[in-house]
Amino acid sequence: MNPRTFLYGLWSLGVVALFVLSGIFAWSPFAEGGRARAHAGIYGPTHK
Amino acid sequence: MQPEMQPVADIQLPAAPAVKALACPACGGSVELRAAGYSVSVVCQYCSSILDVADPQVKLIAQYNQAAEALEIPLGSRGTLRGVEWEAIGYMQRSAYGGGAWDEYLLFNPYHGYRWLITDGRGWSLGEQLTVTPLRDDYETLRLGNQTYQRFYEDSTARVDYVLGEFYWRVAVGEEVVGADWARPGAMLSREKNAHEVSWTRSVLLTHKEMADAFGVRKGASWPPMPHQPSPNAAWLGMGFKIFAGMFLLLAVLILAFGGTSWTSAGRFPVAPDGSERTVTLGPIHFGHLYQRVEIRADVPTLENGWVDLDYSLVDRRTQQVYEAYGAAERYSGSDSDGPWTEGSRGSSVSVASVPAGDYDLVVDYKGNRWSSGSLYSPRYVGMPEDLGWMTPVNKPEVVVEVRTGALFLSSFWIALILLGLPLLIGLIRHIQFDKARQAESDFAPTGFAALGASEDDE
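Protein sequence lines correspond, in order, to chains R and P.
Per the working numbering: the first sequence = residues 1 to 48.
Per the working numbering: the second sequence = residues 49 to 507.
It should be emphasised that the hints constitute simulated quantities derived from the structure, not laboratory data.
For glycine and all other residues, C-beta sits at the position ideal for the given N, C-alpha and C.
Careful: at least some of the hints might be erroneous.
[Claimed, not checked] Not everything, but these chain P residues come out facing chain R in the computed CB check (under 10 Å):
#1 L285
#2 G294
#3 S402
[To be verified] Computed footprint of chain P on chain R, listed as stretches where at least three residues anywhere in the stretch have a Cβ under 8 Å from a Cβ of chain P:
#4 7-17
#5 21-27
[As the list claims (entries may be wrong)] Pairwise CB distance ranges, derived in the manner of DEER restraints:
#6 L13(R) with L338(P): 21 to 27 Å
#7 L13(R) with E176(P): 39 to 45 Å
#8 D100(P) with M1(R): 49 to 55 Å
#9 G307(P) with M1(R): 32 to 38 Å
#10 L473(P) with L18(R): 47 to 53 Å
#11 Q368(P) with L13(R): 37 to 43 Å
#12 M1(R) with T181(P): 51 to 57 Å
#13 P29(R) with V132(P): 57 to 63 Å
#14 P29(R) with F492(P): 47 to 53 Å
When you get a sec, could you build the whole thing from the sequences and use the hints?
Structure follows, in structure tokens:
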């Protein structure tokens, strides 16, 4: 087997493993919850 | 019963030719003839004179008085390539008109004949003269066996610039042939013709390790790639895309396997008409999985030209651990010279990650707000009734909250896809760069990936 194919296979397994872990722990770096985010501060439409 | 077979006679292999020494008629130096009986001419390593050794009487073909060049592979060196031991017996330096120069070493083995070691300083190829003529698939393509070769160099004159050692024909400096080449990854087909004959040679690319092990040569320049040098990325990209497709299906199956719950109502509560902040506690809400993503959706059905701030706190009844999130529903509308317009949404959805199992209270701090397009330019005068906008009691302003749980975020799926695809993308870009550089030397229009982005001017 080509060494690069083998490395890519390992990389892919690692990515899928991380995906499974993110599912088990229901984690995402983009989740709104858990991080107290302040609102932008300016309200009102941005229309035009 | 079959009679026992007895060997009639021992198999006799032809004897390997012994090294024969002869005196150079030009300088008197001792010249070694390594393929005596096979070689027709030999070049004196002391004065570079060309000697005819076809007859027992060694004759001088051409006399030169120049010192022999130091060769990367000294003549007489032996090395094993792909299971056969070869001895370097001759050396030629050739060049093409308007092109570069290259070196050719003639290898000899008494049981396997002659081969060529060819290098232009970037890598080495082992060439074997063919006894068949390749078939022509089309103008661009030749076929030898089940392999096809793409045309690479058009007909050009190649000249012998320097020669040393012995050869099976009477070679001389200045000898010219018209050569053309076809290439495929790992191999080349070369056609050489002169007034008397046309010969075909197939040369296969040798790895640096093969040459280092056989003849101890140093590694050459690695860029730009040779015409028949296989792209280091092409070998794995095909299988890589198959792996990517398999992993994509696996991710899709995992998304289904992780699943989630449907939306369930957590409660509804009114918005204060005066715009004051209120707090409501909903629950208990039970979460059963070890960890879950909790999605909270708020809907404000009568919201118009205003917004509602929503601060959520999921409080674990047992540990008092708090998970916070912030949401806002904003909805605006109006009319201008282009006609009516709307912006925003009456709903808001937020997700809280990694919420452990347990019974939770959902505490919502919320506050209704209204927006007036004329508030900045139309000051309210004393005694003028306040415009409650969408928060007027008649409008029954209220917030409806729903909750559901799951495990996966869509962003995780996209991140996984990007991480899976990134090496392939990098490999593909590098493969295209490699193939463009490889085909840049060709006398013909680029093909395959190398043709991508080629303008008509390039052609």
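Non-conforming hints, listed in increasing numerical order:
10, 12
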